[in-house]
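K.L.:
The listed protein sequences derive, respectively, from chains A and B.
Going by the working numbering, the first residue of the first sequence is number 1, and it counts up by one from there.
Going by the working numbering, the first residue of the second sequence is number 1, and it counts up by one from there.
Worth flagging that the hints you see were computed from the coordinates, not collected in a lab.
Even for Gly, the Cβ is constructed at its ideal location relative to N, Cα and C.
Misleading hints may appear alongside valid ones.
Claimed, not checked - Straight-line distance between alpha carbons at most 30 Å, and here's what the computed DSBU-like set of lysine-lysine pairs gives:
| # | chain 1 | residue 1 | chain 2 | residue 2 |
| --- | --- | --- | --- | --- |
| 1 | B | Lys175 | A | Lys101 |
| 2 | A | Lys100 | A | Lys84 |
| 3 | B | Lys63 | B | Lys43 |
| 4 | B | Lys171 | A | Lys100 |
| 5 | A | Lys100 | B | Lys175 |
| 6 | B | Lys43 | A | Lys101 |
Unchecked claim - Sample of chain A residues lacking proximity to chain B, with all beta carbon distances greater than 12 Å (derived):
| # | residue |
| --- | --- |
| 7 | Gly10 |
| 8 | Leu17 |
| 9 | Leu27 |
| 10 | Ala34 |
| 11 | Asn57 |
| 12 | Lys84 |
| 13 | Glu102 |
| 14 | Ala113 |
| 15 | Val114 |
What the hints assert, rightly or not - Incomplete in silico selection of chain B near chain A, CB under 10 Å:
| # | residue |
| --- | --- |
| 16 | Arg138 |
| 17 | Tyr186 |
| 18 | Thr188 |
| 19 | Val193 |
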Amino acid sequence: MYDTGKIVAGLAVFVVLATSPLWYNALSAASPEAPELQQPTNGSTECVEAKDYMRANHMDLLDTWRDTVVREDVRTYTSELSGKDFTMSLSDTCLDCHSKKEQFCDACHTYSAVDPYCWDCHVIPEEGQ
Amino acid sequence: MKSSRRRFLKFAGLSAVGVAGSTAVATRTRASEEHEPPVTEGKRLALVIDLRKFSKDDALLAKITAACHDAHNVPDFVDDPKNEVKWIWTEDFETAFHEQEFHYIREDLKGKATLLLCNHCDNPPCTRVCPTQATWKRASDGVVMMDWHRCIGCRYCVVACPYGSRSFNWKDPRKAPNLATINNTYPTRMRGVVEKCTFCDERLARGQQPACVEACDNGELVFGDLNDPGSEVRQLLSERLSIRRKPGLGTQPEVYYIVEDPRTLQETAPAAEVFEGEGGHA
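Just chain B, same shape as in the assembly (with noise of 0.2 Å):
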């Protein structure tokens, strides 16, 4: 057959539809094997955030943040909010959940003062952009690790995390007043380091609960492992309604805040006897 002009142009359009047909798939593909939940090789840490258990503003948060501050050295440059580090923090329960804006908010949960920390993300976006690899996924039990050695202060992470939760140490930290005494059982951070909470992977290590959960007596915290179907956390997930902060981005955070109403804690009153711990509930 004689070519022509117009079978070239015909045959040239066919596989240009073609090749580009073939590359949206092939990004299908991979779009979809994306989504599907990260698996870790070993255990699946989180933390379970039982809202009912905690008054409107309780003493307890003090004392849990206190806990963990107290234990990894956090500096505390007293009103100074351009200088705060923080590891774990309360916020409103409508400024820490703003994305559902609330209308007609059940009345315990107003203002309520919300634990925030550490999402330790199964797709944490901090990692993602770490130059230095100072921040990781632990493969073994998904802890969002920090390498304080490799930080090198860009604060990339800072920027990237979508929950606030990474603090950046613009003054060295053992100015602050409150670290004129260190806990000289864990390291302080340098001047130029970017520093959250670990889910406390030095107690871990040791077979210790985190600080924040152990300052609790009434299980108002529970850390367990997610990939464990017998565990507490795994329990309460199933059986009771709980939220996470911006689950729309796809970081899939794993911290959970179980939100129902505190009346339904005398419901499930044997239940409860399971996860108040050796605390010893009367």
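This is chain A alone, in the form it adopts within the complex (with noise of 0.2 Å):
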């Protein structure tokens, strides 16, 4: 093989530029760490539902929400964890324990860099009158 030196070397750099986000990661101490929620303010210990599925499930959850809602008049959601019926309102009942959105929704939504445009028209209580 000609040029053995040069096509190693190159190589070489190819692949350390490659996978530089990966080094940068690994070997930055500033990885961000998972962020702080803020705990019900109004006392409440129960969510609609699980937890886990919250964290999870929450946008599917309140697309259902919406629909169901608008489309179908129906504004009652029974839980299907502890089977109490709560009223399918963003502004109301989430942000009644949540109540901070800044502490709660934005903080992981900005560390996970996603932009929901939910509150482009519902209202943040506080901010409101």
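Build the complex: two chains, separate frames, hints provided.
P.N.:
This is the structure:
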């Protein structure tokens, strides 16, 4: 093989560059801590569904709530966890416990770089009147 | 028999007439079916506006409009007609019913401020043109609903509505001066979304009357179920002369205007007590 040295060196540089994001993350101490979420401020101890389910599927649940309320005019949700009834409302029911959006919704959403558009229309109670 | 060109042409001609005739009959039948009043499964909510009870330029009109617009965070870009958003508004009587071509109009109706809003038609043209089903007629009570999550802002419905009941948010509604303080019991809309009156579906769900009706003390607006023969709206419509906007279009609007002479209010004093509501009319 001609120019073995150059080729191997070039390959080495390529591999290092291509994998640099992985190295960077592994070596940098600045990898952010998992966000601390605000605990319910009104003393409530249970969510509409189990904590793990909510963590993974709250977006689907909210989508279903949205369609059920607006399109089917059904406004009460019965928890599969506790059998209790909840009013399907983002501003009223969810934010009743998780009262600070920046410390609850935004904490995770910023961490995972997602940008839901709920609040373009829906009102954060404390920001209203 | 020998087949000839003459015989073939006769046969073809007869067949053509037959086919055309049967298609015409079929179309006729379908058209007449469409003219049946569409039946909703449950209620048929309607609003009756008793023009007899409004004075010519009533402060109550502003109160009603404010009640609706405050309850629903309707943006008000003052003095900017291009960006106007309205759920309920007023127009001169003659303008509101321009197709009637009034000549020598009764003095009390001339230039009378008349409340206008979404007519929640039985046969709404707006829902038919929506490409995303963001607006539809609710089968349970006939309310023409909006799903602002789903509206893509194409404005077909704005064009289709013959009553001008739909407004488009050209600007971010939250930038409107009046939404500096938002009523936090109701969402706002975002830029690029069409909005209109929904007969206060959120209040109906709680068993309340629409905000405009609640703003009235003396039964100026009466709201109820037309499918219920005993309802106030049915009673009013069967006893009084009412008109609707642009009836010739076949949209079957469900907002009715009582246009009788205000002096008829005295005639029916006992009956009037019934729809005076719990307002405690002396």
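K.L.:
Name the hints, by number, that the structure is in violation of.
P.N.:
6
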